[in-house]
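> Protein chains in written order, with the working numbering: chain A, 1 to 664; chain B, 1 to 669.
Any given hint could turn out to be false.
Covered stretches of chain B, going by a simulated chain A footprint (3 or more residues, C-beta under 8 angstroms) [claimed, not checked]:
| hint | region |
| --- | --- |
| 1 | 269 to 278 |
| 2 | 392 to 403 |
| 3 | 561 to 567 |
| 4 | 586 to 596 |
| 5 | 650 to 662 |
Label-pair restraints from in silico Cβ distances [said to hold, decoys possible]:
| hint | chain 1 | residue 1 | chain 2 | residue 2 | range |
| --- | --- | --- | --- | --- | --- |
| 6 | A | E119 | B | T123 | 16 to 26 angstroms |
| 7 | A | S130 | B | Y278 | 45 to 55 angstroms |
| 8 | A | D51 | B | S112 | 26 to 36 angstroms |
| 9 | B | T314 | A | D51 | 19 to 29 angstroms |
| 10 | B | D121 | A | R491 | 26 to 36 angstroms |
| 11 | A | V458 | B | P43 | 46 to 56 angstroms |
| 12 | A | G559 | B | L237 | 20 to 30 angstroms |
| 13 | B | V286 | A | G559 | 44 to 54 angstroms |
| 14 | B | T314 | A | P567 | 30 to 40 angstroms |
| 15 | A | R214 | B | T314 | 55 to 65 angstroms |
| 16 | A | K537 | B | D121 | 50 to 60 angstroms |
| 17 | B | D90 | A | K537 | 28 to 38 angstroms |
| 18 | B | D603 | A | G559 | 51 to 61 angstroms |
| 19 | B | T314 | A | T41 | 56 to 66 angstroms |
Keep in mind the hints are simulated off the structure, nothing from the lab. Cβ coordinates follow ideal geometry from the N, Cα and C atoms, glycine included.
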Amino acid sequence: MMPHHLQPIAVRLACLMFLVLTASQPIAAKPTLPDWAARATSLPSSEFGKDADAIKMLDEMELEYKRDGDSVITARQVFRIQKSAGGDSAIAAATYVKGADKVRMLQAWLVLPDGEIREYKEKDFADIESSDELTLYSEMHVRVLDLSNAALPGSTFAWTYTVASKSRNASMAWVVRGEEPVIESRLTIRVPEGWHVPSVRINNPEVDESFDGRTYTCRSKMQPEIKVEASSPRGETTPYLALRVLASHEDKARSQLISFENWNEVAVFVAVLNDPQAQPDSSIRAKVAELCAQCSDTWEKIRAICRYVQNVNYASFSKNIAEGGGLKPHEASFVFSRNYGDCKDKTALLRAMLSCIGVESRAVICMQDTHRVVVRNYPSVNVFNHCITGIIAPEGVDCPALVEHPDLGKLIIFDPTNEHTPLGFTDRILDNTYYLVLDKACMGLSAFPDTGDMNECVFNCMLKSDGSLQVQIIDTSEGQLAIQERADLFRRKRSDYERSLLYYLQSGSNPITINEWKCEDDWDENRFRLEVDYEAKDYARQCGQNLLMVKAFPVSPFGFMPEDAGPEGRASPYIIKESRFVRDTTLVLPDDVEVDSLPKEIHMKKSFGTVDLVSKSEGKQIRVTLTVTTLSASVAPEDYDEVIQFYKRRMKASKATILLRKSE
Amino acid sequence: MTTYLPPRGASVFAHLLKFLLLACVIAFPGMCQAALFVSSWRPISEEDKNMTAPQVDPDAGAEILLRELKIEDNWTWTKKDLYVRIKVFDERGVELIKNFHIDCHKDEKVNSIKAQVLRPDGTVVALEKGDIFEREVFDEGDKRVRRYSYAYPGLVPGSIVEYQLHAVREGFANETLVNMGARLPIHKSVFMFKPPVKDICVLYSEHMLPEGMEKSNWSDYWTAEVNDVPAFPDRGLMPPVLDLMPWVAIHYEWHWDNLKRDNYWSYYSRYLAKQARYKVKVSSGVVKSKAIELTRGVDGSAEKLRCLYNFCTTQISNIEEPGSGYSMIDIDKMDKNDSASETLSTGRGTENDINILFGAMASALGFDVNIAWCNNRNRMAWNINYQTGFMVPQTAIVIKENDKLNYYQPGRRFVPFGMMNYGNEETVAVIGNEEKAEYALTSSVDSSKSMLIRKADLVLDEEGNISGEVRMRYTGHKSHSLRSVYMDLSDDDRESRVIDAFREQVGGAELTDIQFLNLEDMTKDPELRFKVKVSGYADLVDERIFFEPVFFEKSVVPKLSEPTREYDMCFPYKWESRDVLRIRYPENCTFQPGGEPQSVIDDEALGYVVKVIHSEKDHSITLARNFKVNVLKFPASIYDQIKTIFDAIALEDHRILSLTIDEDESEGE
């Protein structure tokens with residue numbers, strides 16, 4: 001127990017020690033925004049973008065190249081969040097190639113509406129592999145920080161990153177307008193003396209560019225957001241710059257940068273990586289001999305081989321992508337032995353197998369993504385994400401996938417990755433885009449053919465006295481529709497497919513019972529036929545005392561309507577595919593029912609399509625036929641009303657009504 | 001059925017033997033790992049090789065012939081051995097299984113994976129080391145996921161694939177639920193479990209395992225086996241997957257007595273009672289002052305509680321929800337709230353924090369407050385014999401008034417005052433009680449409390465087009481559902497979604513001026529309003545117009561389309577829709593009576609009541625339609641009857657009214 005007279009001293013000493021100890025501890029500094037973010041936040045915007053969920057206040061990127069080809073990328077972005085949905089803009093994502101690139105710096109800040117500033121460091125960013133179910137391995141990674149829950153309306157989100165890159169790909173796209181309005185965007189590329197940075201403007205970006213021999217800059221201000229309209233031409237909406245970095249002659253070999261003056265250079269470069277991998281070994285030769293043993297001609301042999309390769313399982317795994325590893329397939333013998341590979345692997349195997357029967361082929365690269373597109377005046381490997389095959393067409397062969405290539409003659413385009421598209425046809429995903437044949441003679445891009453849609457639906461119907469309808473549907477699809485139907489059947493169990501049929505047939509809004517159904521798939525002709533026998537209870541509906549109403553077509557196929565353009569009208573052309581749809585109903589009436597009225601005839605003709613509805617009756621039999629055709633067309637935005645009228649008329653025709661009268 | 005593992009009264013010799021074995025494990029890890037894990041392939045019967053068609057599900061593209069999961073808990077680590085054999089019948093089966101991925105979290109490691117493919121021609125292709133891709137796919141702070149992936153080499157239809165996996169995880173297997181089903185049908189599913197070596201009691205809760213867990217004669221593994229397990233079917237209105245699949249839940253206890261059913265649940269009740277005593281019933285001055293402030297001048301206990309509830313749902317930010325102002329990183333860094341007063345002062349908290357704050361404020365006002373853990377019947381049906389924490393996943397504050405228990409969950413997003421989260425309705429809650437297990441049945445709200453009220457004022461023209469204004473109000477659980485879908489969307493996405501959803505009801509509808517009212521105001525019912533136009537709504541034949549008066553159901557497909565059904569039909573909650581609409585038709589048209597929709601049924605569980613009134617003076621028809629589902633489940637045994645009723649309802653919804661277009665009188669002059 002301390003003596004009483006010493007206690008005040010002890011207390012004072014304790015306080016003094018406390019003060020000394022706390023004074024020597026640094027007080028944690030409150031986070032502050034870096035200067036560039038603070039400046040961006042204070043940029044005036046007035047009414048600009050006031051209705052947007054978020055505004056991009058700053059979008060900046062700096063690239064610095066060294067003579068050895070390595071580069072350092074620094075990016076900075078600032079967003080002002082205006083509505084709760086704008087929180088989705090508060091997601092920072094920096095991609096890099098694991099094993100090749102190094103993330104040197106990652107930082108983010110969130111300024112909340114009450115002024116609180118939160119700072120996030122590199123350790124707060126997750127590191128995630130960019131992959132899906134089909135990917136066994138990917139070097140592409142992304143460092144992500146998701147603050148979407150935290151970014152309330154009135155917040156500001158800023159982030160920056162620096163990546164040291166070893167990528168040899170020296171072409172890039174700088175997007176000037178996107179989903180948010182942009183106040184200020186800046187791209188700076190610094191290169192050694194003697195290097196160049198040529199650029200191509202795509203879709204008319206509003207930018208100021210300059211290059212002083214060492215530094216390229218591109219600036220833009222006050223860019224409104226882009227609203228993509230349905231069925232607009234692919235790739236003609238987003239304004240951007242396509243850029244390349246070209247090393248000087250002295251540095252070319254050392255830097256090993258990959259960029260191209262024209263499409264021929266792209267074709268040659270990728271062909272060199274692909275062709276050596278497409279060589280058969282003895283196992284492959286033996287397999288080809290087995291597959292072709294019963295084939296009577298070359299076309300049958302090609303068909304058998306193509307079918308085999310389509311059934312090789314798909315799995316994606318590329319290494320060394322910073323050095324172009326993503327462009328080089330595995331050897332055909334490896335793919336054959338494992339029975340799996342990605343799109344370029346399957347192409348290599350297919351080509352190896354075709355070579356065994358003396359059929360030449362080439363690898364073909366394209367973009368398989370409806371939101372992205374290959375742009376004609378931007379030669380780059382970056383614009384492709386899929387590899388298929390161009391088969392040199394044997395004499396006398398003709399099919400929808402046959403193209404007349406300006407440099408290589410007749411080619412049949414075939415996708416060995418798409419297991420539902422037979423040889424001779426192409427899938428919808430390749431519509432409205434370009435491909436490049438990997439051959440030294442190939443000078444440029446070519447467009448995929450539109451192989452169109454065709455569907456004919458025949459309804460053989462018998463109406464009973466109780467109002468129920470006995471129906472036999474024969475639904476025949478060709479072209480891309482057949483591919484879709486086939487894929488749908490494949491994906492589902494039989495019982496699930498039947499359930500989906502039930503749902504589809506009941507779109508006429510009556511309870512129905514399916515008695516029997518079957519599918520016939522003519523793979524070689526790409527024709528898919530579905531037959532269904534069913535009964536629709538209470539199909540004929542009472543309307544008035546003795547009147548019955550029946551729909552001429554038990555299933556209404558044409559529910560699609562283009563969106564209304566709104567008061568501002570449509571901005572981009574409307575793309576229409578070639579197609580032909582036929583609905584043909586034969587309806588037999590019971591003895592106690594007669595025809596009261598048949599549907600009025602409809603005949604509409606537009607520059608891009610026709611709608612024809614005709615009907616007639618003979619005794620107890622009624623026949624109603626609807627034919628709708630469209631041509632491959634790009635309808636100007638000012639003619640969009642014509643498109644709306646056309647589809648409205650089509651929908652009306654598909655709901656054609658027959659009035660019947662019950663005999664007294 | 002529930003199996004209890006009796007306490008280990010093993011002899012000293014047995015303990016010594018175990019010690020020696022443990023010593024071997026420590027001293028010779030390689031040897032012992034090899035001894036514990038047998039890596040040889042098992043013989044495949046000729047029957048399996050020759051099988052050409054699936055047997056459990058005739059539609060399956062592939063079926064699992066054998067799935068054997070063996071778990072050994074050492075107390076500090078848990079070992080898992082998985083042996084799977086799959087028969088692939090067709091290309092769809094190949095597509096389903098061709099690529100294999102398994103993810104391991106931070107504390108787990110896969111020690112080995114082996115796989116092989118027995119092709120139809122008899123050749124065997126083994127997975128090589130180079131075929132397996134092992135890498136980190138997720139890394140955030142102390143959360144890490146390591147993925148192992150491969151593609152089956154040489155896989156074609158008719159193959160049999162096998163894989164074996166050996167993994168080790170830090171920690172023990174207490175409170176583990178092992179699902180013995182899979183996404184493919186299974187011929188034989190086996191689960192083997194070896195509890196830790198220490199003397200603890202183990203309880204197994206077994207669902208759809210009539211034989212329970214059995215101990216074999218030659219090992220210390222307990223085994224559960226079940227045959228012919230179908231894959232979980234994908235239909236609408238299904239019971240929860242855990243009610244249909246066999247599973248085993250593992251729970252450890254220190255005391256044998258606690259494994260008895262009521263003792264097990266009494267542990268929960270005692271825990272909750274303690275929580276209530278220390279967190280809810282002892283409220284600080286700050287909490288009490290706030291409660292008094294919020295209810296000043298308010299009469300009636302229900303209204304007072306409503307004030308407290310509204311405060312908790314609108315003024316306290318739930319940090320786990322979107323738009324909370326906190327990301328997962330922020331939440332990891334922040335200090336947890338230890339008391340109701342902390343939640344009040346910080347203005348934020350977890351779901352549980354917010355519930356506790358509500359309870360504390362209510363307690364401060366003199367309400368009799370308790371805490372409950374509730375079963376969620378949308379996840380698994382309550383069964384008192386299944387002694388596992390999975391049975392009671394959600395908390396609620398319980399307030400007793402006049403011997404009636406009322407439940408409140410202000411921490412749960414979008415749950416309206418006076419209701420529970422719908423999965424917690426009409427099931428069992430375990431209530432806080434210091435002395436014994438206490439259970440209570442939660443009730444469900446009547447369908448009239450969860451309504452979709454649709455009103456439309458429409459004009460039909462001579463061309464058969466219809467247009468007008470629509471208003472929809474959502475109450476109770478309907479408001480919960482609406483907010484869940486739309487709250488976090490952007491304005492554009494909301495609009496697209498409304499248009500798509502409405503077009504499923506009325507095909508070809510064009511919507512403009514779409515507005516949401518009260519979507520974010522949890523104290524009011526949300527509303528949706530828009531203008532609508534449907535070209536060609538009515539059919540024109542000669543001088544007649546035919547139209548369906550039940551506007552909101554014009555394009556709706558009959559709800560129960562399958563001819564038969566094997567499973568009960570389960571609804572998330574009871575609900576009603578009430579339509580009132582007026583359709584004005586052209587003045588030069590005459591209404592032809594006949595064909596009006598009629599009521600079908602009006603009883604406690606199910607109702608369809610409709611009335612149509614024609615006004616010649618206004619040239620209009622007014623339709624009132626009420627449809628209700630006032631049960632949570634229809635058993636499969638009465639599916640036929642229910643389908644007949646629903647088909648009859650569909651028929652009435654698509655009745656047609658007719659108008660004749662009057663001849664122009666001036667033409668005759």
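> If a hint holds in the structure, say so; if it does not, say that too.
Going through the hints against the structure:
Coverage of the region 269 to 278 of chain B by chain A is violated [criterion: at least 3 residues with CB-CB distance below 8 angstroms; count 0]. Counting residues of the region 392 to 403 of chain B whose beta-carbon sits less than 8 angstroms from any beta-carbon of chain A gives 0, not enough to reach three: the coverage restraint is violated. Interface restraint, the region 561 to 567 of chain B with chain A: holds (3 residues with C-beta to C-beta distance below 8 angstroms; minimum three). Against chain A, the region 586 to 596 of chain B contributes 3 residues with a C-beta closer than 8 angstroms to a partner C-beta. That satisfies the three-residue criterion, and the hint holds.
Given a C-beta distance limit of less than 8 angstroms, the hint that chain A covers the region 650 to 662 of chain B holds, as 7 residues qualify and 3 suffice. Separated by about 60 angstroms at the C-beta atoms, E119 of chain A and T123 of chain B break the suggested range of 16 to 26 angstroms. Judged by the Cβ atoms, the range 45 to 55 angstroms given for S130 of chain A and Y278 of chain B holds: they are separated by roughly 48 angstroms. Between D51 of chain A and S112 of chain B the CB atoms are about 58 angstroms apart, so this pair departs from the stated range of 26 to 36 angstroms.
Distance hint for T314 of chain B and D51 of chain A: a CB-CB separation of about 26 angstroms, consistent with the stated range 19 to 29 angstroms. In this structure the hint that D121 of chain B and R491 of chain A lie 26 to 36 angstroms apart at CB holds, the actual value being about 28 angstroms. Hint check: V458 of chain A to P43 of chain B, Cβ distance near 55 angstroms, so the stated range 46 to 56 angstroms holds. For G559 of chain A paired with L237 of chain B, a C-beta distance near 25 angstroms keeps the hint of 20 to 30 angstroms intact.
Judged by the Cβ atoms, the range 44 to 54 angstroms given for V286 of chain B and G559 of chain A is violated: they are separated by roughly 59 angstroms. Distance hint for T314 of chain B and P567 of chain A: a CB-CB separation of about 37 angstroms, consistent with the stated range 30 to 40 angstroms. Remark: the range hint 55 to 65 angstroms for R214 of chain A to T314 of chain B is upheld by a beta-carbon distance near 58 angstroms. For the hinted restraint 50 to 60 angstroms between K537 of chain A and D121 of chain B, the CB-CB distance of approximately 52 angstroms keeps it satisfied.
Roughly 35 angstroms separates the CB atoms of D90 of chain B and K537 of chain A, a value that falls within the hinted 28 to 38 angstroms. Distance hint for D603 of chain B and G559 of chain A: a CB-CB separation of about 36 angstroms, inconsistent with the stated range 51 to 61 angstroms. The beta-carbon spacing between T314 of chain B and T41 of chain A, approximately 30 angstroms, falls outside the hinted interval of 56 to 66 angstroms.
Against the hints set out earlier in the document, violations occur for numbers 1, 2, 6, 8, 13, 18, 19.
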